[in-house]
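Peer 1: Can you make the complete structure from the sequences, with help from the hints?
6 protein chains.
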Amino acid sequence: MRIMVINPNSSPEMTKQIERVLLGIKRPETLLTVVRVEDAPPAIETDVDAAQAVPGVLRLVRKANEEGYDVVIIACFSDPGLGAAREISKILVLGIQETSLHIAGMLGHRFTILTPLPHRVPKKERDVRGLGLGEALASVRALGLTVTETEAEPERTKARILDVARAAVEEDGAEVLVLGCAGMAGYASEIEKKLGIVVIDPVTVTFKVAEGLAEMGLRHSKRALYRMPSKV
Amino acid sequence: MRIMVINPNSSPEMTKQIERVLLGIKRPETLLTVVRVEDAPPAIETDVDAAQAVPGVLRLVRKANEEGYDVVIIACFSDPGLGAAREISKILVLGIQETSLHIAGMLGHRFTILTPLPHRVPKKERDVRGLGLGEALASVRALGLTVTETEAEPERTKARILDVARAAVEEDGAEVLVLGCAGMAGYASEIEKKLGIVVIDPVTVTFKVAEGLAEMGLRHSKRALYRMPSKV
Amino acid sequence: MRIMVINPNSSPEMTKQIERVLLGIKRPETLLTVVRVEDAPPAIETDVDAAQAVPGVLRLVRKANEEGYDVVIIACFSDPGLGAAREISKILVLGIQETSLHIAGMLGHRFTILTPLPHRVPKKERDVRGLGLGEALASVRALGLTVTETEAEPERTKARILDVARAAVEEDGAEVLVLGCAGMAGYASEIEKKLGIVVIDPVTVTFKVAEGLAEMGLRHSKRALYRMPSKV
Amino acid sequence: MRIMVINPNSSPEMTKQIERVLLGIKRPETLLTVVRVEDAPPAIETDVDAAQAVPGVLRLVRKANEEGYDVVIIACFSDPGLGAAREISKILVLGIQETSLHIAGMLGHRFTILTPLPHRVPKKERDVRGLGLGEALASVRALGLTVTETEAEPERTKARILDVARAAVEEDGAEVLVLGCAGMAGYASEIEKKLGIVVIDPVTVTFKVAEGLAEMGLRHSKRALYRMPSKV
Amino acid sequence: MRIMVINPNSSPEMTKQIERVLLGIKRPETLLTVVRVEDAPPAIETDVDAAQAVPGVLRLVRKANEEGYDVVIIACFSDPGLGAAREISKILVLGIQETSLHIAGMLGHRFTILTPLPHRVPKKERDVRGLGLGEALASVRALGLTVTETEAEPERTKARILDVARAAVEEDGAEVLVLGCAGMAGYASEIEKKLGIVVIDPVTVTFKVAEGLAEMGLRHSKRALYRMPSKV
Amino acid sequence: MRIMVINPNSSPEMTKQIERVLLGIKRPETLLTVVRVEDAPPAIETDVDAAQAVPGVLRLVRKANEEGYDVVIIACFSDPGLGAAREISKILVLGIQETSLHIAGMLGHRFTILTPLPHRVPKKERDVRGLGLGEALASVRALGLTVTETEAEPERTKARILDVARAAVEEDGAEVLVLGCAGMAGYASEIEKKLGIVVIDPVTVTFKVAEGLAEMGLRHSKRALYRMPSKV
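Chains as they are written, first to last, in our numbering: chain A, 62 to 293; chain B, 62 to 293; chain C, 62 to 293; chain D, 62 to 293; chain E, 62 to 293; chain F, 62 to 293.
Among the hints, a few may not be true.
Treat identical chains as interchangeable: a pair holds within one or across any two.
Unchecked claim - BS3-like, lysine-lysine: derived pairs with alpha carbons at most 27 Å apart: (1) K124 with K283; (2) K283 with K77; (3) K254 with K124; (4) K87 with K77; (5) K254 with K283; (6) K151 with K87; (7) K219 with K124; (8) K219 with K283; (9) K219 with K87; (10) K255 with K283.
Hints in this document: simulated from the structure, not taken from any laboratory.
Peer 2: Here's what the structure looks like:
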């Protein structure tokens, strides 16, 4: 099985971090390719960033289809270009936000999403509503750190995640925490031990779901919402 | 007052049609500019089309801000790039889908959206949910015509709109019809007379709301969801 | 264009305040008439007050229809008699609550309604749900002032609005504030500057929307919900 | 226990019919008074009708409070003036729509409301949403008969109810039928036998709930939504 | 009329307490039988407890049907086995949670449920959503006491209820309080006086509703959701 | 990895069918145990059936915990005992309904559930609402076949599935079909080819998700909703 993981930003460091984490959890027989969008912004923090990244994401999705991959994963927690990618793709495309929130919804009463910056809270709330998962949302809480800071300062990031996560559990009734930024990848198990709850790292969870679904030959439906554009 | 209307596709014909209609309804003192996105697809029929149009839309929104416009209207009934446009804009940006559906929600119990092609029905349903207007939706119904066909064959389009509208009223309980494609611009009043209901042409309604809001100096909130990106 | 603005209470002072504000923002060609319901309570603070005001509101709506007005605006933030008024009216009737909340819903992620008294918070929450706009509501917050006090003590009212608005923004995530009482008319722009957010004065926003919709000949649908009673 | 049942219209025939039905089911010790609103329309078929009836309803509610009644029931299936009545009443006020729909919601998966005229379907749908019971609604279906016709032609009414009820069960999945007009009072048990489902006559069900709640001394909360107006 | 009240746990003390309370409020002509499930856990505090109690509940429901009872009430505030009981029962079966929450929904804007232990809050929230009453819920608040403690320490329980109820009213906007545990039976009127709000004791309210509905011959619909199993 | 799959009914044939299907798709290194509940009904078609099966399900879940399994799957499309099972289990417990519906929600706009018998449609609709996935539901459609018939008559079952599925796609807008009965296991890929849509076999999809989540060490949260009962 061949899986292409697209990091929609242009950061080589984050791309490498994703690859390192996934190499540690992929099944031996899975062939992993992690790529970045070279002409995208170094971090996806706004809708403008996402808009700039999408054309590059779509190029890579086309490439994955042409080169015989089995699955594509868009590895940014705003699922940039997911709908368009599914339109042009015959192979399964998963976004780490959609996938991890569905899994989070199964593992406890309500989940809290941790997101880097406070002004992105409304966007995340809208994304959850758009996914039809509003009833499973305890809250969206911000770390008060940029994506770049979460990459650059792992200790501060980890400490901050702990503080915010504790508030989510005690004040919002969260039973599951979703680390809403690819830059937080790798902290899940450590945080989980300290707080005694379930913490979801979207990239790795999505990767495991992708391996499973692809093994069954499951893809997104091409009937209407994600129908192949006639002119492509 | 200066209003820039962006036709997010590259069709000069549709751009002219929009201009012609708006010239007929604008207030004398309003200065109107209608522009198209030259490197966009000729029609926005898929998420891929929208993704291709957005960078050009954003360029024009920046231009409108720099050149002292008072309002920008994105004149395509999928509001491509609306969120990103509001992020980078200090002046009011309105999308014709969001605006016309809010107005439709005030004028009757439920509205039906007419959309060109059947496989886009799910996308429209998701858009309405995303806008938080799901309770006002009677149905989305497809004409079974491409955007290009609605432009090329006005008589067939008008007849087809009448048939589908009648079904919406009688079977779905629609009290208001929203012509969900810029290519249908100009049919509203004629259809309305024939069916005895309220028909909304999104472009013109949005234009009138834009004139009114701009006159009051109202803009979208820049506090969080549409906060100006720090690096722009 | 002729617009009749009905102040559903009997207060001459509030009626004059509404007129003064609207004279300052109406288009030159708009003919404005502001009237009050002489046999209504001096302020609409309860459902009983509203019930007492409605017959007088309906009389005025009939008069507006007979005398050739183009639009009627019911200028009290509980939209008393709006449904009944639309039944008997062939011309467009707008309520300032319904209209301003739809506009508020377009200008940011969620809005907060400021209302005079704490025990009216449940009523406002129900009104928003009834309008199908529940997903756009951040909160309803009370000033702790009667309608009469908001009229009599403008400085105290303004200061109190600022305090409550700040809490709405910081604790409830409000991006838009709606001044939910006609008595607050005129404070919007000053408050907006101080808090850096969007503040909506329902009377003036509704007036501008009314001018725009009427110019397009738009009215509420007479098909079912607002059908003309057979015996009128 | 003393119960005042207010028929909000002015029809002596309907008032007598309600009295006759309730005399047949009331407990021996319950003292029943059925009154009509003399200056109301003869039937409540529109919002305008309701607005005209409400002042008279409120007069009677005040009277019931002054004369030591234990409960007031507003016996019209649009609950005209229910909120205002609860504001001014220290004793329990029940509306037959609200009460019967809550009971209907307990007795099966979804209920259908039968209403006299097709153009009132949207109003009923909004009422159900306003009550927060939208998830229990299978459908609202119209008989195509005026309130007056349902009174004047019992056989035709019964036959029509049967036809529409059958469609509600087979096409909409209704498990419970609510006879949404006081004029249908008395058909419930006969229809139920013929269709093998549960049919709710709002007047009698509400009367029985009223007896039970009043016996326990339960009233509506006077804390906020129905707080006593300060000036009454 | 004969009513069987099933206490789904095995506690003789709680069974007696329920009987004592109901004997004080039943109508003279009502024949009351209160039974417990002898092989159930002594208190129903978890889903596992409920699963263990259900077979015994169903045995008693069958017995009530065979012995000519008119109603069965399942007197535990998680309605254990309610759906299954209704399947096998031709006579009306009411659960105290479902019934009391519908009544609570009529008596004020929103209700708060008091529940013994904090970790059961999510379960109650899901129950309310399952009943389709989510819009009427102010909050679920925990006493921090086990069911056994609420039985053993009435004074401490009463004091604790007062504290938590006050918080529900002031912080969550509750207008009605539902004592979400059969072990709290009997405190309602005292608490109500102290807080000036409406307090619902689910067992007694349900009992009164049961008397009323049974008098009218109302039962749950046997058409689909609660259809009699073919093999029973 | 060791996975215990519990068939909650007592049918040896269905148990073997499940085992056969899963042996064909499990990873080589996964150790599979499929067990049945010997004292359960031969098919779970009612809430009463489910209630009878649950104690046996819980015994097997305890056994799986004691014997060092990594995951338990409850392989009946009503997830009988899922909540209770998670309470007493430290290892991951998945239900095939909850899991497959979350996956279905990711792969298209809306899904239709096929269920054996018409009178179970309401129950399925309630289950979906209970899972918080109501917005993703296109419809529940019944085959009109008992669970036993679906086992006994595979050709008739397959033909019937095709007919009903076609109606779901064309009339309800389904993009994904969920075969809502373990007895339909194995038809998914064949149906999918014929209809050109995505068909989900809940048992196999859940099995693959289980392998993936267990590999990551993910479990349900034990913090509140599924907290370990103190006395177990």
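Peer 1: Where does the structure disagree with the numbered hints, that is, which hint numbers, in rising order?
Peer 2: 2, 7
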